[in-house]
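What follows is the residue order along each chain.
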Amino acid sequence: MALLSLDRLSLSIHRKTILHGISLNIAGGEIHALTGESGSGKSLTALAIMRLLPIGSKTQGHAVLNGIDVLTQTEAQMLAIRGREVGMIFQEPMTALNPVKTIGSQVQETVQIHTGATASEAARRADDVLARVGLPSDKFPRSRYPHQLSGGQRQRVVIAIAIALRPKLLIADEPTTALDVTTQALILKLLRNLVEEQGMGMLMITHDLAVVAEMAQHISVIRDGEIVEQAATPALFSGTRHHYTQALFEASRHRVNLPAPPAPRSLLTLRNVCCDYSLTRSHLFKSKDTFRALHQVTFDISLGERLGLVGESGCGKSTLARAILGLKQIQAGEILLDGDPVYADKRPNLAVCRRMQVVFQDPFSSFNPRHRVGRLITEPFHGQPYSPSGSERRAIVSEALLAVGLAASDADKFIHEFSGGQRQRIAIARAIITRPDLILFDEAVSALDVSVRAKILDVIAELCRSYGLTYLFISHDLGVVRSVTDRVMIMREGRIVEYGETESVFRNPSHPYTRTLIASAPVLPSMTASGY
Amino acid sequence: MLLYLIKRLVSLGCSLVAASLVIFLVIEVAPGDPAQFMLGVNAEPETVAALKSELGLDVPKWTRYFNWISGMLVGDFGTSYTYRTPVIEMILDRLAVSLPLAGYALLLSTLIAFPAGVIAASRHGRLGDAAVMVATQFGIAIPNFWFAMILVLIFAVNLPFFSAGGFVGWDKGFWAGVHSLTLPAIALALPQAAILARVMRSSLLEILNQDFMRTARAKGLSQRQTLWRHGLRNALIPVLTIIGLQFSFLIAGGIIIEQVFFLPGLGRLVFQAISSRDLIVVEAVVMLLVFVVIVVNFLVDLAYAIADPRLRHRT
Amino acid sequence: MRRNLVIGAALSFVVLMAAVVSLAWTPYDHSVLNIPNRMQLPSFEHWLGTDHFGRDIASMIMVGARTSISVALIAVGIGLIVGVPLGLIAAAYDGSMLDELIMRANDLIFAFPSLIIAILITAVLGPSAVNAIIAIGIFNIPVFARVTRGGALALWEQDFILAARVAGKSTLQISCEHILPNVANLLLVQGTIQFSLGILAEAGLSYVGLGAQPPTPSWGRMLADAQTMVGLAPHLALIPGIAIILSVLGLNQFGDGLRDVLDPKLRKS
Numbered sequence: 001m002a003l004l005s006l007d008r009l010s011l012s013i014h015r016k017t018i019l020h021g022i023s024l025n026i027a028g029g030e031i032h033a034l035t036g037e038s039g040s041g042k043s044l045t046a047l048a049i050m051r052l053l054p055i056g057s058k059t060q061g062h063a064v065l066n067g068i069d070v071l072t073q074t075e076a077q078m079l080a081i082r083g084r085e086v087g088m089i090f091q092e093p094m095t096a097l098n099p100v101k102t103i104g105s106q107v108q109e110t111v112q113i114h115t116g117a118t119a120s121e122a123a124r125r126a127d128d129v130l131a132r133v134g135l136p137s138d139k140f141p142r143s144r145y146p147h148q149l150s151g152g153q154r155q156r157v158v159i160a161i162a163i164a165l166r167p168k169l170l171i172a173d174e175p176t177t178a179l180d181v182t183t184q185a186l187i188l189k190l191l192r193n194l195v196e197e198q199g200m201g202m203l204m205i206t207h208d209l210a211v212v213a214e215m216a217q218h219i220s221v222i223r224d225g226e227i228v229e230q231a232a233t234p235a236l237f238s239g240t241r242h243h244y245t246q247a248l249f250e251a252s253r254h255r256v257n258l259p260a261p262p263a264p265r266s267l268l269t270l271r272n273v274c275c276d277y278s279l280t281r282s283h284l285f286k287s288k289d290t291f292r293a294l295h296q297v298t299f300d301i302s303l304g305e306r307l308g309l310v311g312e313s314g315c316g317k318s319t320l321a322r323a324i325l326g327l328k329q330i331q332a333g334e335i336l337l338d339g340d341p342v343y344a345d346k347r348p349n350l351a352v353c354r355r356m357q358v359v360f361q362d363p364f365s366s367f368n369p370r371h372r373v374g375r376l377i378t379e380p381f382h383g384q385p386y387s388p389s390g391s392e393r394r395a396i397v398s399e400a401l402l403a404v405g406l407a408a409s410d411a412d413k414f415i416h417e418f419s420g421g422q423r424q425r426i427a428i429a430r431a432i433i434t435r436p437d438l439i440l441f442d443e444a445v446s447a448l449d450v451s452v453r454a455k456i457l458d459v460i461a462e463l464c465r466s467y468g469l470t471y472l473f474i475s476h477d478l479g480v481v482r483s484v485t486d487r488v489m490i491m492r493e494g495r496i497v498e499y500g501e502t503e504s505v506f507r508n509p510s511h512p513y514t515r516t517l518i519a520s521a522p523v524l525p526s527m528t529a530s531g532y
Numbered sequence: 001m002l003l004y005l006i007k008r009l010v011s012l013g014c015s016l017v018a019a020s021l022v023i024f025l026v027i028e029v030a031p032g033d034p035a036q037f038m039l040g041v042n043a044e045p046e047t048v049a050a051l052k053s054e055l056g057l058d059v060p061k062w063t064r065y066f067n068w069i070s071g072m073l074v075g076d077f078g079t080s081y082t083y084r085t086p087v088i089e090m091i092l093d094r095l096a097v098s099l100p101l102a103g104y105a106l107l108l109s110t111l112i113a114f115p116a117g118v119i120a121a122s123r124h125g126r127l128g129d130a131a132v133m134v135a136t137q138f139g140i141a142i143p144n145f146w147f148a149m150i151l152v153l154i155f156a157v158n159l160p161f162f163s164a165g166g167f168v169g170w171d172k173g174f175w176a177g178v179h180s181l182t183l184p185a186i187a188l189a190l191p192q193a194a195i196l197a198r199v200m201r202s203s204l205l206e207i208l209n210q211d212f213m214r215t216a217r218a219k220g221l222s223q224r225q226t227l228w229r230h231g232l233r234n235a236l237i238p239v240l241t242i243i244g245l246q247f248s249f250l251i252a253g254g255i256i257i258e259q260v261f262f263l264p265g266l267g268r269l270v271f272q273a274i275s276s277r278d279l280i281v282v283e284a285v286v287m288l289l290v291f292v293v294i295v296v297n298f299l300v301d302l303a304y305a306i307a308d309p310r311l312r313h314r315t
Numbered sequence: 001m002r003r004n005l006v007i008g009a010a011l012s013f014v015v016l017m018a019a020v021v022s023l024a025w026t027p028y029d030h031s032v033l034n035i036p037n038r039m040q041l042p043s044f045e046h047w048l049g050t051d052h053f054g055r056d057i058a059s060m061i062m063v064g065a066r067t068s069i070s071v072a073l074i075a076v077g078i079g080l081i082v083g084v085p086l087g088l089i090a091a092a093y094d095g096s097m098l099d100e101l102i103m104r105a106n107d108l109i110f111a112f113p114s115l116i117i118a119i120l121i122t123a124v125l126g127p128s129a130v131n132a133i134i135a136i137g138i139f140n141i142p143v144f145a146r147v148t149r150g151g152a153l154a155l156w157e158q159d160f161i162l163a164a165r166v167a168g169k170s171t172l173q174i175s176c177e178h179i180l181p182n183v184a185n186l187l188l189v190q191g192t193i194q195f196s197l198g199i200l201a202e203a204g205l206s207y208v209g210l211g212a213q214p215p216t217p218s219w220g221r222m223l224a225d226a227q228t229m230v231g232l233a234p235h236l237a238l239i240p241g242i243a244i245i246l247s248v249l250g251l252n253q254f255g256d257g258l259r260d261v262l263d264p265k266l267r268k269s
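Residue numbers (this note's numbering), protein chains in the order written: chain A, 1 to 532; chain B, 1 to 315; chain C, 1 to 269.
In short, the hints are calculated from the structure, not lab data.
Predicted model only: the values in this text are computed from it and were never measured.
Even for Gly, the Cβ is constructed at its ideal location relative to N, Cα and C.
Warning: the hint list may mix true and false statements.
To list a few chain C residues with every Cβ distance to chain A over 10 Å, as calculated [stated by the list, open to error]:
no.	residue
1	TRP47
2	LEU101
3	PRO181
Going by beta-carbon spacing under 8 Å, a handful of chain C positions derived as facing chain B [what the hints assert, rightly or not]:
no.	residue
4	LEU98
5	ASP99
6	LEU115
7	LEU120
8	ALA123
9	LEU200
10	VAL208
11	LEU223
12	GLY231
13	ILE244
14	VAL248
15	ASN252
With the hints as extra help, turn the sequences into a complete structure.
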């Protein structure tokens, strides 16, 4: 008998239907993945099972957990089920823990409210659970507060809270999306072990097909609140697929066709660049400490070359981008664009800086909401030696918008009228409008769904053909970087640890860290057959 | 934590010095010579000069500032120009009314505002919330001295539960003193309680939407338990700031309320001093009030560090 | 349309009109004494009755509205003109000595409630309505500086500011073109709140004799005059009080309504 069985589960919020008859079964010891793009209703399915839906929600159908239909339970009965029968893990470990309570007490609380154990007994059990999720008490005293732990460690505490009472079902809502690949690999391994050891059933919600492929025995693909396909993992990866699943797979493994780069001619040169941040004083009588974000960074970008930069969060990727753009003063070394220094006399050399442009990660904060698109994308003309006006300016705006797949008439709209993917196209239009020598893509596709991401990558490839772009593509996503770059650098703790032709680095990584990174990244198995 | 404390102490000292300089310089530009004023226009120049030297007014400005500051540090606020008595004695008498009044009002407003804010937040969008919101809208709009007059009209004139004004003095016993401060304290507290309740409510509502509240619910805590165990302490952090600010408003508001109830507090003292141009008293009272406000805000900063471990560890 | 915005706008409009109309017309001359006619209850001839000197209360309330509004409005203006640039500068040079200096100065001003500033100024210059304006205006400066800085700091983190810096725009250009228009909402809402607080503060100051001086009518002084007669003629105390409450309530409702309408977070849904 299934541990959890959803039977035609429907959900509407304020009379708007969100889920249409979701059915799925999970057995003990099994991982079932629910996957789909943002807004598909994945997370709300989980909250419906927990009965933690927002006010104004109405559910229909059945959600039978261990013989009990949770949808018919009273709130008082649900209190006994949550945390005891079913535990839940959330996406954002940085905010999922109470900042003013110690980690020990937060785990202990789960034990205490359900078992009536004494404080010391509950503390002892909390201690065991924390040790089991990889936080031994000698290294991680239970009196620590969440802000004293890293993201991965915090996620372990959240897992400890969820599994403290050995629930029969664990719901994990994008448990590793906010984490670095190496941390992700460790957390996924921990979850797999817990499911095996404790015979729990797990409902894993994720947008990442590669993670799904590594973790789940069964997969349900959800789109717009409907399950479009449900199958055992091997069957789904080898057998006939629904066209939406097919499209998701193709988008996830999407590779673009870059034109061959022209003959090398150096454009951007970095020599031994070092960059520091000053920290707050740790002791009254000490001078301010500095943190060296970049150590002796040296590399070149040739004209027409596409260079990738890969590293985990906090490794100095963004600092490097800012240093190149003239936004963050460097402490040593030199940065030259076409032979001209980006910093002259300790100040950014504006004439040089204006020949570079950038596309940022977050499509929602990249634009002043009070300006129209036409004004937004012409901002880079500020201070250019030649700034077009009148009909010429309009023609240039139209051309840029058309080049990124938008309409010329979009120039008169405000930014809130566009989706995330469209905004990222507008950001690219802004970056190419002055025909800059170099463009920096700073995690430019990381916030997008796979299908949108694939289209944006195509836009970039197309622009390489029509405009002959030179760019530095910064990302934490190995797959994406592999697809859109000629050469790649791997960065760790402010140092370039590996630098070479993209394919050869991915095939034969020489540095141990590169190997770890590549080994940690979940891989989508290659399609052996296709129904289409 | 120690570094945090030292930093706060240094900034406390700087604030006090800056505030005292501002007050001293403003009073300094006041026209007229206090000694001349005390002795009248017909006084002999020699008598005026003698009084000036007695009052310490014949030395340069900066010396006078340092004398004033160092005097205050040992409790010497100078001598009143009109009464010829030490200012400190006059102030201490009045402080025995004004400080208890502000403290009493702060206590009342906190006792009213906390439950009101918690009720409103936990019944967000329902009747209880709406009732609290309407009540606080009016509470904020009502001037406290007008409210005081209405209270006098109702409770002292028509229903004689309280006296219409005056202060019996602490020597008549603690409860008698409290009794005669009750109406003024209510008048001061209610409008402040309205502000505090709204801050409490919005702070709690913001916390209710945080991820960690969902984690707590997923553990099996009820809505109410989540609110009390996880919401309240987090919500208190911004509320603390408001309580600190409120104390300064209560001190200032008290000066006005004292006028309604004819209380012999700092307010009466300062207004008498203004009309008799007894600037040294004005200077001392203002410095004292500003001192209290700055010290209360210092204490709020310390309370922050206790409430929020992130601040404690960030040196 | 939101209810509180409509109610608030209507109330504020009524008070504003009373003040504006009083410039051209009042039912009676507010300064004419008519002792035989004193302390009358509201009637057809005197809509709101007469005071202890027989003056028409309705006329005094209308002229008093003018005093309150002009004091509060000028004080908001002082706060905006001085506070907003300070807030913009502090945010633009976040963490620098300049930022530290501005914010510490703000804290210092916060330690002087407007009543205390008024006491200091009055002790030096003697009482007047201008003192009230200065005292309330000075107190408004750190309020606007903090609101501006808070809003601006969040904006400086946004990528579109970085994009403007990449385009080579100066701090001043960015502050004017990108920051100021995006904190304008916040300032508008805070402005209505400070406006209503200004009316309250003006009433308090003139009540204790630190604000507008006779013969200029003001709501606070009308209350001070009524105090000794509160048992005999309660309407003398009730009417100016209600006038204050309605104007403050109206402005606060208006501010709340504006906040709801202008808040992009609420607007999206």
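Against the structure, the hints come out as follows:
1. Look at TRP47(C): its CB is around 47 Å from the nearest CB on chain A, clear of 10 Å, so calling it non-interface holds up.
2. At the 10 Å boundary, the C-beta of LEU101(C) stays outside the reach of chain A, the nearest C-beta of that chain being 18 Å off.
3. In this structure PRO181(C) is not separated from chain A by more than 10 Å, as the shortest Cβ-Cβ distance comes to only about 5 Å.
4. For LEU98(C), the interface hint is violated, the least distance from its beta-carbon to any beta-carbon of chain B being 16 Å, above 8 Å.
5. Look at ASP99(C): its Cβ only gets to about 14 Å from chain B, farther than 8 Å, so that hint breaks.
6. Taking 8 Å as the C-beta cut-off, the interface hint given for LEU115(C) holds, the closest approach to chain B being about 4 Å.
7. With a least beta-carbon distance of about 5 Å to chain B, the hint placing LEU120(C) at the interface is held under the 8 Å criterion.
8. The beta carbon of ALA123(C) is positioned within 8 Å of a beta carbon in chain B (closest approach about 4 Å), and the interface hint is therefore held.
9. Hint status for LEU200(C): holds, given a least beta-carbon distance of 6 Å to chain B, under 8 Å.
10. Hint status for VAL208(C): holds, given a least beta-carbon distance of 6 Å to chain B, under 8 Å.
11. Given hint, LEU223(C) at the interface with chain B, holds; its Cβ is 6 Å from that chain's nearest Cβ, closer than 8 Å.
12. At about 5 Å, the closest approach between the beta carbon of GLY231(C) and any beta carbon in chain B falls short of 8 Å, and the interface hint on this residue holds.
13. For ILE244(C), the interface hint holds, the least distance from its beta-carbon to any beta-carbon of chain B being 5 Å, beneath 8 Å.
14. Interface hint status for VAL248(C): upheld, as the beta-carbon distance to the closest one in chain B is roughly 4 Å, under 8 Å.
15. A hinted interface residue such as ASN252(C) counts as satisfied when its beta carbon comes closer than 8 Å to some beta carbon of chain B; here the least separation is about 6 Å, so the hint holds.
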